[in-house]
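With chain A's structure known, arrange chain B with the ligand on it following the hints.
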Amino acid sequence: MSVLIYAENQNGKFPKSALEAVSYGAEVAAMMGTDAIAITCGSINGDGGLGNAGASNVWVANAPTSDSQLMGKLIVAAAAKANANVIIFSHDVAGKMVAPRVAARLDAGLVPGATALPGADFVVRKNVFSGKAIADVAIHTTNKVITVLPNSLGVKNTGATAAVEAFAFDAGASRITVKEVKSENKDGEIPLPEAELVVSAGRGMKGPEHWGPIEELAKILGATTACSRPVSDIGWRPHHEHVGQTGVTIRPNLYIAVGISGAIQHLAGVNGSKIIVVINKDPEAPFFKAADYGIVGDAFEVLPKIIEAAKAFKAAH
Amino acid sequence: MKILVCISKAPDTTSKIAFTDGGSKFDENGVQFIVNPYDEWYALVRALELKETIGGTVTILSVGGTDYEPIIRKALAIGADEAVRIDAAESDSLYVAKQIAAYANGKGFDIIFCGKETINFNGSIVPGMVAELLDLPFVSLANKLNVNGNTATIEREVAGGEEVIEVNTPFVVSAAKGMAEQRIPNMRGIMAARTKPLEVVPAAAAEAATSVKSYSLPPAKSGCKYIDAENAGSLIQLLHEEAKAI
Ligand SMILES: Cc1cc2nc3c(=O)[nH]c(=O)nc-3n(C[C@H](O)[C@H](O)[C@H](O)COP(=O)(O)OP(=O)(O)OC[C@H]3O[C@@H](n4cnc5c(N)ncnc54)[C@H](O)[C@@H]3O)c2cc1C
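In order, the protein sequences belong to chains A and B. Reading the first sequence from the start, the letters are residues 264 to 580 in the working numbering. Reading the second sequence from the start, the letters are residues 2 to 247 in the working numbering.
Please keep in mind that the hints were generated in silico from the structure rather than gathered at the bench. Computed from a predicted structure; not experimentally measured. Mixed in with the good hints there might be a few duds.
Computed list of lysine to aspartate or glutamate pairs in EDC-like fashion (alpha-carbon distance at most 16 Å, straight line) [what the hints assert, rightly or not]:
#1 K26(B) / D399(A)
#2 K537(A) / E242(B)
#3 K544(A) / E231(B)
#4 K214(B) / D399(A)
#5 K245(B) / E231(B)
#6 K145(B) / E163(B)
#7 K568(A) / E231(B)
#8 K245(B) / E459(A)
#9 K344(A) / E428(A)
#10 K226(B) / E547(A)
#11 K442(A) / E163(B)
#12 K537(A) / E243(B)
Just chain B, same shape as in the assembly:
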């Protein structure tokens, strides 16, 4: 089985979110970058589990500059076989999807894994775009995936519940919680990752369809009104009369 896992770079979940250049740029000062959790914990690990049980290769694909290399090495340390970095700024979802599709087209990947969404843009749209550009089925928000021959059985989120579906390879899937358990790379993996192939390919011609004009921070809360624990029941009155929330 030939598997492609698309991974994105995201600021560590404890990062202070601030902006520079008049609110037009994310302030990377002092920010630690990680593999986007959905891409790492669920997509990558499930891909590796499939490879371990049925054989095959796992290729990492990232769209980004040289600053992506540490997180690509981390994905290799967790167990991927090889990596590809498309040398382009990740400016817009459609642009990124076009880069991924241009690379994957004709390479015979059986499954293209993505995470459900990034924790910095919260789009949940690149995987569906990749599927459309490659004319492949797309299974969104999947939390279980098993493969038998060339048929995959997938459990995914639907409105108000879950749905079990079957689809034949090749397809694109976006991975959500439940798909796998996080894996911590060991020393051997980290050493091995240093010499695994990392190919850098030039960007395909495409234009960004959207751009962020400016960032801002949500308004701060005006402060907490404390209610005495003895008198906790008065909360309900306050929620009704003052907050108008019930």
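Chain A on its own, in the form it takes in the complex:
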């Protein structure tokens, strides 16, 4: 028996979400008294840091990561070789694509977006109702699949190195042809679902031409930018920045919301944030009820003061 973890390799690097999945798998393996084996595709440097995240072995395969069907086959083959009955993914794009296929193939119960380690009897905690509630979900099947919500549990570093070996796999022909890949994120910007720091703005900014201070603050803090739904609907900002119940769900360490009223649908996607800062000129804005820190004031007067302080802080640290 063992625990198998799929670790998504992004051009030779493992994003934090992948390391979190490995770390989660390693803790589940420790609970079960067995090994955590990570599988990945493409080329990696050494063990890619997966040993430090808790994997005892890293298997490297060749498979088209854009094809969920072939990736599913790969994971099922690896699970058979590893004799794994628990399979872990990140609840990221790859996890959402491949984990359900693996679960269906192995007739396994799947808990998507776990926010805690399984308890006794494999009861796994996850957010439901778009973050407005929590559910404890029991898995009844012998085979079990879990996807781990990014930015929920962190990575426990072990200081160890994993044994790396190639995993032979003949994927066969893909039924999906990739025509073009477009990168959305600006250089070095962390994608929203993984971001630890987020600076977000709403209709209170009055127009797309006023986003300068939002981007500047984000840049100084190393944060990712986000927005409310109407802002992306009217085209002030790109769709992928839209957070909330019908957009991206995020749970960063810090969420700074500027000129956003805090409608229930917006809160649903962001209330998992550890610290929420609300800047709004209306003291009655509902967002203040969900905030840790609040500033009642005009964004255009408040932001320059914060930017100045942030610059000074970064210069000193």
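Just chain B with the ligand, lined up with the frame of chain A:
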């Protein structure tokens, strides 16, 4: 083109979320149910647009009890041709996927549309399971979809960006924002929906692979600390020293 659109029922986005029976059941008291937004706004509307440009039929499929019928009628009012309700409790994703797959198998659907995820369970897993059970390609988190003959060109979310792919029918796709614009049903649509066929089929034999043991609410915030706007810069110090967030 023969299109199947899987729709789920979800509480209205403004609903108060509460639980009964010792936290084991969602409290439906006073809750208004809607078609899950991803299923309606993006999957269904794009399916209808395809039908309008290239012809074909759009069938709605739901797994649920009689309480599903109002939202199925709404989907018909927006423009779907017919509907099927699989008479089963939607207890678990794999169970629901097995019901959908059992129904769709051998019926010759060219595209099976699902929404990206439901706003009540936030799983994003039923469509991939359906694809696996039917041995079909699966395109996840798609935000643009065009069809030319039997080839679809689809734009979808990938880590850090987007990818344009091509796939031949039949396939399963999960629809995300960008795919289409919401449509409000008109009076004629609502009238017509009353007489459109709604077939009820019995559930296929399957077992739930998971079950919710209990629900709870997230801990409430302890309260907001206000900072004077004049002194807004002190926020950074507080975030560093007190909140340890930067
Ligand atoms: C089914 C459904 C799903 C939805 N999903 C989402 C979702 O996923 N995400 C989402 O965000 N919304 C969603 N919404 C929309 C949501 O209900 C709100 O309409 C939206 O979040 C409001 O956006 P906003 O706060 O930017 O704009 P507004 O509500 O217009 O608020 C603007 C705020 O800016 C403040 N302001 C104005 N000027 C200034 C200034 N100079 N300085 C400081 N503050 C200022 C105002 O006081 C106000 O509070 C959904 C709605 C529905 C019905």
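Consistency of the hints with the structure:
1. K26(B) / D399(A): Judged against 16 Å, a Cα distance of about 12 Å means the pair holds.
2. K537(A) / E242(B): Holds. K537(A) to E242(B) sits at ~15 Å (cutoff 16 Å).
3. K544(A) / E231(B): Answer holds: K544(A) to E231(B) is near 13 Å, not above 16 Å.
4. K214(B) / D399(A): Cα-Cα ~6 Å, so holds.
5. K245(B) / E231(B): 23 Å, violated
6. K145(B) / E163(B): 11 Å, holds
7. K568(A) / E231(B): With a Cα-Cα distance of about 8 Å, the restraint between K568(A) and E231(B) holds, given a limit of 16 Å.
8. K245(B) / E459(A): The hint holds at about 12 Å.
9. K344(A) / E428(A): 13 Å, holds
10. K226(B) / E547(A): 15 Å, holds
11. K442(A) / E163(B): 11 Å, holds
12. K537(A) / E243(B): Holds: K537(A) and E243(B) sit about 13 Å apart, inside 16 Å.
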